[in-house]
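Chains as they are written, first to last, in the working numbering: chain A, 1 to 156; chain B, 1 to 156.
Be aware that a few hints might be false.
Note: identical chains are not told apart, hence a pair may lie in one copy or across any two.
To be verified - With a Cα cut of at most 25 Å, we get these calculated BS3-like pairs of lysine-lysine:
| no. | residue 1 | residue 2 |
| --- | --- | --- |
| 1 | 35 | 89 |
| 2 | 110 | 137 |
| 3 | 35 | 49 |
| 4 | 35 | 132 |
| 5 | 89 | 110 |
| 6 | 152 | 110 |
| 7 | 152 | 125 |
| 8 | 89 | 49 |
| 9 | 95 | 137 |
| 10 | 125 | 95 |
Worth flagging that the hints you see were computed from the coordinates, not collected in a lab. Treat the numbers as computed from the prediction; the structure is a model and nothing was measured.
2 protein chains.
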Amino acid sequence: MIKKLMACTAGLLMAGAAGMAMAQVSPEDQIKYRKAGYSYMAWNMGKLKAQVIDGSVAYDQQQVVAAANTIAAIANSGMGALYGPGTEKSVGNQKTRVKPEFFSDAEGVKEVAIAFNQAANNLAKVAAEGDKDAIAKAFGQVGQSCKGCHDKYRME
Amino acid sequence: MIKKLMACTAGLLMAGAAGMAMAQVSPEDQIKYRKAGYSYMAWNMGKLKAQVIDGSVAYDQQQVVAAANTIAAIANSGMGALYGPGTEKSVGNQKTRVKPEFFSDAEGVKEVAIAFNQAANNLAKVAAEGDKDAIAKAFGQVGQSCKGCHDKYRME
Numbered sequence: 001m002i003k004k005l006m007a008c009t010a011g012l013l014m015a016g017a018a019g020m021a022m023a024q025v026s027p028e029d030q031i032k033y034r035k036a037g038y039s040y041m042a043w044n045m046g047k048l049k050a051q052v053i054d055g056s057v058a059y060d061q062q063q064v065v066a067a068a069n070t071i072a073a074i075a076n077s078g079m080g081a082l083y084g085p086g087t088e089k090s091v092g093n094q095k096t097r098v099k100p101e102f103f104s105d106a107e108g109v110k111e112v113a114i115a116f117n118q119a120a121n122n123l124a125k126v127a128a129e130g131d132k133d134a135i136a137k138a139f140g141q142v143g144q145s146c147k148g149c150h151d152k153y154r155m156e
Numbered sequence: 001m002i003k004k005l006m007a008c009t010a011g012l013l014m015a016g017a018a019g020m021a022m023a024q025v026s027p028e029d030q031i032k033y034r035k036a037g038y039s040y041m042a043w044n045m046g047k048l049k050a051q052v053i054d055g056s057v058a059y060d061q062q063q064v065v066a067a068a069n070t071i072a073a074i075a076n077s078g079m080g081a082l083y084g085p086g087t088e089k090s091v092g093n094q095k096t097r098v099k100p101e102f103f104s105d106a107e108g109v110k111e112v113a114i115a116f117n118q119a120a121n122n123l124a125k126v127a128a129e130g131d132k133d134a135i136a137k138a139f140g141q142v143g144q145s146c147k148g149c150h151d152k153y154r155m156e
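With the hints as constraints, model all of the structure from the sequences given.
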């Protein structure tokens, strides 16, 4: 009983802290920041694609590591906090294409989020090792995890 | 003479490669991506400020490390490539506040860029060590390096 109460209190405290953290960033800015994060990852995915997949730009180990580290760091930066109350639809100048399902399907979102994080961290690890074929494979897995979320939770 | 010629050729090749890399990203998208990078760093600076400076959000070592790593990774991601030809002024839907001086003052830009990179990498290093006072100091140095560039090269 006491254990349950304590767990409950801890839960409320965490919710409170999350609420405070939220309160500092308006829904409009949350949408702006999460779009910025995805956009910056997209640029870095594009650099990897050019150097590792297409060969349209010469392979540069330092640039590949920097791009992979950036994607992993953003993936690990707690983007979930940018989907707070009021961010379910476009606000002010910020348009969002997130589907309503995203906000009701906690289990499904957790699944795609974990898949994305694991794939991004693996990409950073493999990039540091410098085996181009392995990087290409890890890049593909990140792409798949992006697509997995887009297919389920992003409007056309 | 041969040495000079080779250096010159290397220079041209590098410029060529940079040109190719550029060609893949339109000036409009370059502006979009660089703004996304700064915007995402700003969110992470805000989290550090709340947890390390203001105390408006409880200090969380894992979140602080994640935020610092994100700022450092973006700082190391080669944003210079997002200031290519045609990005000196707003293009299409992308507005930019960068001053013309940014594109003519290579030495000055190099100086603020190096200061920013060093401060960001130091912040990530210090965050991993977990000494809150040291993190506050390193955070302040990153903020100063942001301001140093904004004061010189960003319009009001």
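Outcome of the hint check:
1. In the homo-oligomer, the alpha carbons of residue 35 and residue 89 lie at most 25 Å apart both inside one protomer (13 Å) and across protomers (22 Å), since each shortest distance falls under that limit.
2. For the homomeric pair residue 110 and residue 137, the shortest alpha-carbon distance inside one copy (23 Å) is at most 25 Å, but the shortest distance between copies (36 Å) is not.
3. Taking the shortest Cα distances, residue 35 and residue 49 sit within 25 Å of each other both inside one copy (21 Å) and across copies (22 Å).
4. Taking the closest pair of Cα atoms, residue 35 and residue 132 never come within 25 Å of each other, the shortest separation being 29 Å inside a single copy and 30 Å across copies.
5. For the homomeric pair residue 89 and residue 110, the shortest alpha-carbon distance inside one copy (20 Å) is at most 25 Å, but the shortest distance between copies (41 Å) is not.
6. Proximity of residue 152 to residue 110 under the C-alpha cut-off of 25 Å is restricted to the intra-copy arrangement: shortest distance 12 Å within a copy versus 44 Å between copies.
7. Proximity of residue 152 and residue 125 under a CA criterion of 25 Å is satisfied in neither setting, with 27 Å inside one chain copy and 38 Å between copies.
8. In this homomeric assembly, residue 89 and residue 49 never come within 25 Å of each other (Cα to Cα): the closest approach is 31 Å inside a single copy and 28 Å across copies.
9. When the C-alpha separation of residue 95 and residue 137 is checked against a cutoff of 25 Å, the pair qualifies neither within a copy, at 33 Å, nor between copies, at 37 Å.
10. When the C-alpha separation of residue 125 and residue 95 is checked against a cutoff of 25 Å, the pair qualifies neither within a copy, at 34 Å, nor between copies, at 36 Å.
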